[in-house]
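Participant: Residue-level listing of the chains:
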Amino acid sequence: MISEFALTQLYAELPEHAILTDQYQKEPFESDAYTVKKELPGVVVLAESVGHVRSVLRVCNECDIPLVTRGAGTGLSGGARPHREGVLLVLSKLNSVLEVDPLACTATVEPGTTNLAISEAAKEHGLFYAPDPSSQIACSIGGNVAENAGGVHCLKYGMTLHNVVGLTVLTIEGDELVLGGKSYDWQGYDFLALMVGSEGMLGVVTEISVKLLPIPAVRHVLLGGFDDVEIAGNCVAGIIAAGVIPGGLEMMDELAVRAAEEFAEVGYPKDAKAVLLCELDGTEEEVASTTDRVAEVMKAFDASVIELATDPEQCERLWLGRKVAFPAAGRMASDFYCMDGSIPRYQIGPVLKAISNMSERYNLGVMNVFHAGDGNLHPLILYDASDKNQREGAEQFGAEILEHCIRVGGTITGEHGVGVEKIDQMCSQFSLPEIEQFHRIRNVFDVNRNMNPGKAIPTLARCSELGGMHVHKGRIPFPELSRF
Amino acid sequence: MTNDSSQLQEAVNAALEQKQPLRITGDGSKSFLYTGDTTVPLLATSDHKGVIEYRPEELVITVRAGTKLSELREITAEHGQMWACDPPLFDGRGTVGGAISSGWCGPGRPWYGTVRDSLLGVEMINGYGDPLRFGGKVIKNVAGFDVSRVLAGSQGTLGVLLSASLKLLPVPEHTRSIATSVSSQESTSLISQYTKRTSTLSGTCYFDGMLYLRFTGVAAAVDHDMQAFEANEEIDPQFWQKLRDHTLPFFADDKALWRVSLSRSSLFHGEDSNELEEFLVEWNGCLLWCKTQNSKFPTISMKPHAIRGFRNIKHETSRSTKYAHRLKHAFDPHKIFNPGVVL
Numbered sequence: 001m002i003s004e005f006a007l008t009q010l011y012a013e014l015p016e017h018a019i020l021t022d023q024y025q026k027e028p029f030e031s032d033a034y035t036v037k038k039e040l041p042g043v044v045v046l047a048e049s050v051g052h053v054r055s056v057l058r059v060c061n062e063c064d065i066p067l068v069t070r071g072a073g074t075g076l077s078g079g080a081r082p083h084r085e086g087v088l089l090v091l092s093k094l095n096s097v098l099e100v101d102p103l104a105c106t107a108t109v110e111p112g113t114t115n116l117a118i119s120e121a122a123k124e125h126g127l128f129y130a131p132d133p134s135s136q137i138a139c140s141i142g143g144n145v146a147e148n149a150g151g152v153h154c155l156k157y158g159m160t161l162h163n164v165v166g167l168t169v170l171t172i173e174g175d176e177l178v179l180g181g182k183s184y185d186w187q188g189y190d191f192l193a194l195m196v197g198s199e200g201m202l203g204v205v206t207e208i209s210v211k212l213l214p215i216p217a218v219r220h221v222l223l224g225g226f227d228d229v230e231i232a233g234n235c236v237a238g239i240i241a242a243g244v245i246p247g248g249l250e251m252m253d254e255l256a257v258r259a260a261e262e263f264a265e266v267g268y269p270k271d272a273k274a275v276l277l278c279e280l281d282g283t284e285e286e287v288a289s290t291t292d293r294v295a296e297v298m299k300a301f302d303a304s305v306i307e308l309a310t311d312p313e314q315c316e317r318l319w320l321g322r323k324v325a326f327p328a329a330g331r332m333a334s335d336f337y338c339m340d341g342s343i344p345r346y347q348i349g350p351v352l353k354a355i356s357n358m359s360e361r362y363n364l365g366v367m368n369v370f371h372a373g374d375g376n377l378h379p380l381i382l383y384d385a386s387d388k389n390q391r392e393g394a395e396q397f398g399a400e401i402l403e404h405c406i407r408v409g410g411t412i413t414g415e416h417g418v419g420v421e422k423i424d425q426m427c428s429q430f431s432l433p434e435i436e437q438f439h440r441i442r443n444v445f446d447v448n449r450n451m452n453p454g455k456a457i458p459t460l461a462r463c464s465e466l467g468g469m470h471v472h473k474g475r476i477p478f479p480e481l482s483r484f
Numbered sequence: 001m002t003n004d005s006s007q008l009q010e011a012v013n014a015a016l017e018q019k020q021p022l023r024i025t026g027d028g029s030k031s032f033l034y035t036g037d038t039t040v041p042l043l044a045t046s047d048h049k050g051v052i053e054y055r056p057e058e059l060v061i062t063v064r065a066g067t068k069l070s071e072l073r074e075i076t077a078e079h080g081q082m083w084a085c086d087p088p089l090f091d092g093r094g095t096v097g098g099a100i101s102s103g104w105c106g107p108g109r110p111w112y113g114t115v116r117d118s119l120l121g122v123e124m125i126n127g128y129g130d131p132l133r134f135g136g137k138v139i140k141n142v143a144g145f146d147v148s149r150v151l152a153g154s155q156g157t158l159g160v161l162l163s164a165s166l167k168l169l170p171v172p173e174h175t176r177s178i179a180t181s182v183s184s185q186e187s188t189s190l191i192s193q194y195t196k197r198t199s200t201l202s203g204t205c206y207f208d209g210m211l212y213l214r215f216t217g218v219a220a221a222v223d224h225d226m227q228a229f230e231a232n233e234e235i236d237p238q239f240w241q242k243l244r245d246h247t248l249p250f251f252a253d254d255k256a257l258w259r260v261s262l263s264r265s266s267l268f269h270g271e272d273s274n275e276l277e278e279f280l281v282e283w284n285g286c287l288l289w290c291k292t293q294n295s296k297f298p299t300i301s302m303k304p305h306a307i308r309g310f311r312n313i314k315h316e317t318s319r320s321t322k323y324a325h326r327l328k329h330a331f332d333p334h335k336i337f338n339p340g341v342v343l
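Sequence order for the protein chains is F and R. Just so you know, the working numbering puts 353 at position 353 of the first sequence, and the rest follows in order with no gaps. Just so you know, the working numbering puts 223 at position 223 of the second sequence, and the rest follows in order with no gaps.
Any given hint could be a false lead.
Unchecked claim - No more than 25 Å apart at the CA atoms, straight line, and that leaves these computed lysine-lysine pairs for BS3-like:
id, chain 1, residue 1, chain 2, residue 2
1, R, 167, F, 156
2, F, 323, F, 270
3, F, 323, F, 353
4, F, 353, F, 270
5, F, 38, F, 93
6, F, 353, F, 273
7, F, 323, F, 273
8, R, 196, F, 123
9, F, 156, R, 196
No wet-lab data here; the hints were simulated from the structure. The model shown is predicted, which means the values in this text are computed figures rather than measured ones.
Could you put together the complete structure from these sequences and hints?
Facilitator: Spelled out as structure tokens, the structure:
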């Protein structure tokens with residue numbers, strides 16, 4: 001619970017209906033889509049205006065209490081997990097598309113706007129917003145900015161970072177920062193790059209301007225079936241090496257193909273050990289040329305099946321299997337745990353092999369559906385949450401996958417963010433001086449550390465304990481010795 | 001190929017110990033842009049050079065900061081790849097470290113993105129003397145704050161850049177460029193025909209009544225987009241390198257040169273005002289270079305997003321914002337890197 005004083009302050013500034021204090025009202029907010037760790041928020045505020053956001057920031061700053069900002073709650077790493085002694089600021093009611101500028105090819109929206117709503121608003125001008133996380137119907141752009149969300153089309157069009165041109169941010173001190181804008185460059189430090197992916201720890205974004213692109217004239221999808229996962233992995237590198245940057249390049253392993261087929265019967269080759277889906281978009285001439293080239297590469301890597309979809313209906317059918325993979329996994333096991341490691345493309349084959357070995361060791365099934373072109377893995381660990389051993393096994397299995405990703409030159413998260421889920425692995429990926437530098441950056445905006453505490457950046461003490469070194473009050477013993 | 005990181009580390013440690021600020025430089029190709037204290041000793045990263053790792057199939061190269069841009073271009077071109085943000089070489093001495101610190105991009109900026117967009121990871125020394133690594137060698141990476149990208153354009157104020165991993169792109173199969181004599185209004189409407197749809201347009205430049213366009217991509221697509229210009233003169237693609245490196249005749253005098261960033265919706269290609277007798281516009285009408293007499297501040301009808309004195313202008317002193325000041329302090333509390341440079 002939060003203090004009476006803080007609550008009084010909130011009531012003084014906000015309408016009563018915007019403040020939720022009863023347990024039954026707060027329960028729907030106890031986690032985002034990372035449901036492993038839940039917490040009941042101290043109080044929930046459903047902001048209806050930027051003025052409300054300002055008020056919440058002021059109260060949290062003056063009362064020195066935690067503030068967690070949340071959009072649609074579709075995040076997969078627990079970035080929006082509430083704090084029991086703090087305010088959960090929900091921005092989903094701030095969902096207006098403020099402007100679509102067809103000349104500048106930009107849209108300016110409020111943070112609660114869903115990802116898909118931007119493309120829908122831009123459609124009449126023949127434009128679209130490229131990053132498309134799987135949850136795009138529901139996820140809000142504010143959350144996309146907080147996590148630097150990706151999606152199927154990042155390979156060609158980039159992540160959220162590459163597609164956001166401007167942000168308006170309120171800091172906990174009450175300053176409004178207008179970052180970037182409609183020009184191609186600005187003076188000063190690139191605070192915009194710092195804000196994107198900062199997991200709600202540096203400020204609250206109240207307005208977002210994104211880049212829009214012309215909707216491609218033509219779109220083809222090529223499906224390749226392979227008898228060997230490793231060869232399919234190598235084919236991904238082969239396509240890139242052939243000088244083609246596909247709109248999307250996705251891979252599904254045997255189990256994922258089977259699950260998708262049982263769920264939606266889209267006509268994937270059931271006996272394939274791996275399936276690649278390669279989307280090629282652009283002008284007619286461009287797509288014709290790149291389609292031929294990719295098909296040749298698939299042949300050279302001994303694809304057992306190659307299927308080409310050229311009309312929108314066929315393309316949708318081929319994509320459907322990929323899209324239903326996650327719900328289909330839900331039919332293979334009562335629970336699944338989705339990982340998000342990112343690795344160099346040339347490691348795809350060997351890493352999938354290593355994951356398969358771990359799967360045998362933990363005696364837990366694993367299904368792989370992922371953004372192969374980006375080297376962004378999404379192993380789905382299948383388990384039964386009601387079985388304590390399986391639950392713990394799944395967590396350990398997941399942690400081991402992430403450690404393996406770091407070992408082969410990758411990273412613990414490609415697009416889902418660290419949140420609470422991967423906070424311990426941050427200590428494996430970064431040295432203490434690096435973690436310390438993150439904290440100093442955090443202090444630039446939030447010296448009292450009330451913005452989304454306990455997320456994304458582990459304390460030095462936590463890392464040292466994991467590394468077996470004791471840190472007292474954040475002080476490293478014998479700081480003059482170099483250790484890292 | 002040399003690894004000079006231990007010397008650079010020692011130099012930073014010594015600077016910290018003696019409280020002696022340093023001016024970080026690569027090979028000095030952009031030294032005319034430096035606005036800080038010029039009396040402090042130089043710390044040159046130009047000997048810390050060479051490729052650390054290059055895997056063409058990954059489209060990623062990791063190079064030391066002192067590597068020459070010209071060398072990077074040669075190495076990547078051997079594999080049909082390029083660093084697409086295409087930073088200027090100026091006199092040919094430009095280094096990767098300098099390109100990142102200045103954040104400067106070539107004529108393809110609106111289509112290929114910025115230096116920061118293609119920066120995947122860095123290795124650096126901060127103002128505490130700590131060697132640090134941020135980001136990585138993979139395309140997607142959201143672990144921790146995006147420190148590498150903040151270094152782009154930070155003008156060496158946050159630390160010494162040691163190496164960087166850069167995302168590369170395949171060199172387009174085909175490039176064709178044309179020049180056509182049109183009015184400023186016509187040039188605006190011509191360009192917008194291509195920006196409204198997926199096209200192969202990847203460079204625009206307008207000055208002296210001539211519009212220059214570049215088309216890149218697969219041959220059939222480029223040829224299709226060029227159909228409207230069958231009657232026009234095709235030009236040597238070297239034009240774009242000259243534009244990038246400021247070796248076009250437009251840049252060859254001692255007048256005050258300003259760099260003006262305009263809104264993406266401005267589609268600026270000139271105006272009636274006599275104030276702007278000599279100007280050049282690139283980036284779809286969003287980047288304006290203009291010359292003025294006696295260092296006079298340029299006046300244009302459109303509200304610019306940023307105006308920067310570029311050459312032969314006595315730099316006006318500006319003040320850092322509260323947060324810029326704090327960010328500098330977070331990396332370099334003893335102010336040993338590039339003192340006097342304000343961002």
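Participant: Next pair to validate is residue 353(F) with residue 270(F); report whether the Cα-Cα distance is within 25 Å.
Facilitator: holds (20 Å)
Participant: Decide if the proposed pair is consistent with the structure: residue 323(F) and residue 270(F), CA atoms, cutoff 25 Å inclusive.
Facilitator: holds (17 Å)
Participant: Against the 25 Å threshold, does the CA-CA distance of residue 167(R) and residue 156(F) hold or violate the hint?
Facilitator: holds (12 Å)
Participant: For the pair supplied as a hint, residue 353(F) and residue 273(F), confirm whether the alpha-carbon distance does not exceed 25 Å.
Facilitator: holds (12 Å)
Participant: So if I understand the rule, the pair passes when the alpha-carbon distance is 25 Å or less; does residue 156(F) with residue 196(R) pass?
Facilitator: holds (19 Å)
Participant: Quickly compare the C-alpha distance for residue 196(R) and residue 123(F) to 25 Å and report which way the hint goes.
Facilitator: The given pair, whose Cα atoms are some 12 Å apart, holds under the 25 Å limit.
Participant: Is it true that the CA of residue 323(F) sits at most 25 Å from the CA of residue 273(F)?
Facilitator: Distance of about 19 Å is within 25 Å: holds.
Participant: Straight-line Cα separation of residue 38(F) and residue 93(F) no greater than 25 Å?
Facilitator: Holds, because 23 Å separates the two Cα atoms, which is no more than 25 Å.
Participant: Would you check the hint for residue 323(F) and residue 353(F), treating anything up to 25 Å between C-alpha atoms as holding?
Facilitator: Given pair residue 323(F), residue 353(F) holds - Cα atoms ~24 Å apart, limit 25 Å.
Violation of the numbered hints given earlier is absent; every hint is satisfied by the structure.
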